[in-house]
Amino acid sequence: MNDKPQTILTDTAPAPAGHYSQAIRSGSSLYISGQLPISADKAPLPDMHFETQARQAIANMLRILEAAGGAPADLCRVTAYIVDVENWPRFNRVYADMLGEAKPARTVVPVPELHYGYLVEVDAVATLPDREQKAFTRPQGNDL
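Numbering (this note's numbering), first residue to last: 126 to 269.
These are calculated hints, taken from the structure and not from any lab test. Only a predicted model underlies this, so the values are computations on that prediction, with no experimental measurement involved. Some clues are possibly wrong.
Claimed, not checked - Now the in silico label distances, taken between C-beta atoms and shown as ranges:
(1) Tyr145 / Val236: 16 to 24 Å
(2) Arg218 / Lys129: 36 to 44 Å
(3) Glu211 / Gly152: 20 to 28 Å
(4) Thr232 / Ser151: 17 to 25 Å
(5) Ala142 / Met173: 17 to 25 Å
(6) Gly242 / Ala196: 28 to 36 Å
(7) Asn217 / Tyr241: 21 to 29 Å
(8) Glu211 / Ser151: 34 to 42 Å
(9) Val210 / Ser151: 27 to 35 Å
(10) Ala221 / Lys129: 30 to 38 Å
(11) Gly152 / Pro214: 35 to 43 Å
(12) Pro169 / Ala230: 19 to 27 Å
(13) Gly152 / Asn217: 30 to 38 Å
Think of the CB as a built atom: it goes at the ideal place given N, C-alpha and C, for glycine as much as any other residue.
Using the sequences plus the hints, can you model the full thing?
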């Protein structure tokens, strides 16, 4: 296993819109950047209800995790940023449905607003087993 940080990039989740990576793998640790409710092809969501947005953001996180060779059981910590604390129970229902038996440590942070007017964003940290990755990886650094 290469201990240098490696970029994880999959076309099953939205491409980064700024100067960051979808995820970085360092050793067996995976750090997934914040995922907004944007489809990989940038097509509009069927509706903008909170539950639809939560499902898309979590799906993006899980697709990146899978592309890096992980599964929900490999998640160690998830942070969710939600607009309006009243959405917490809705988030919890979607999250539990999508993660199944996996119960990583989690923080839900109510915020006044998110980029582009979205209502939810999630990021995560996972510990990955030695599995084959399904995404492009490249070492971090200036040697690219």
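Checked hints:
For Tyr145 and Val236, the Cβ-Cβ distance of about 19 Å falls inside the hinted range of 16 to 24 Å, so the restraint holds. Remark: the range hint 36 to 44 Å for Arg218 to Lys129 is upheld by a beta-carbon distance near 40 Å. Taken as a hint, the range 20 to 28 Å is violated for the pair Glu211 and Gly152, whose Cβ atoms sit roughly 40 Å apart. With their beta carbons about 21 Å apart, Thr232 and Ser151 fall inside the hinted range of 17 to 25 Å.
In this structure the supplied range 17 to 25 Å holds for Ala142 paired with Met173, their Cβ-Cβ distance being about 18 Å. Against the hinted window of 28 to 36 Å, the Cβ-Cβ separation of Gly242 and Ala196 comes to about 32 Å, which satisfies the hint. Restraint check, Asn217 to Tyr241: a C-beta distance of roughly 23 Å satisfies the suggested window 21 to 29 Å. At roughly 37 Å, the beta-carbon separation of Glu211 and Ser151 lies within the given 34 to 42 Å, and the hint holds.
Against the hinted window of 27 to 35 Å, the Cβ-Cβ separation of Val210 and Ser151 comes to about 34 Å, which satisfies the hint. With their beta carbons about 36 Å apart, Ala221 and Lys129 fall inside the hinted range of 30 to 38 Å. The beta-carbon spacing between Gly152 and Pro214, approximately 37 Å, falls within the hinted interval of 35 to 43 Å. With their beta carbons about 33 Å apart, Pro169 and Ala230 fall outside the hinted range of 19 to 27 Å.
Take Gly152 and Asn217: their Cβ atoms lie about 31 Å apart, and the range 30 to 38 Å holds.
Checked against the numbered hints given earlier, this structure breaks hints 3 and 12; the rest are met.
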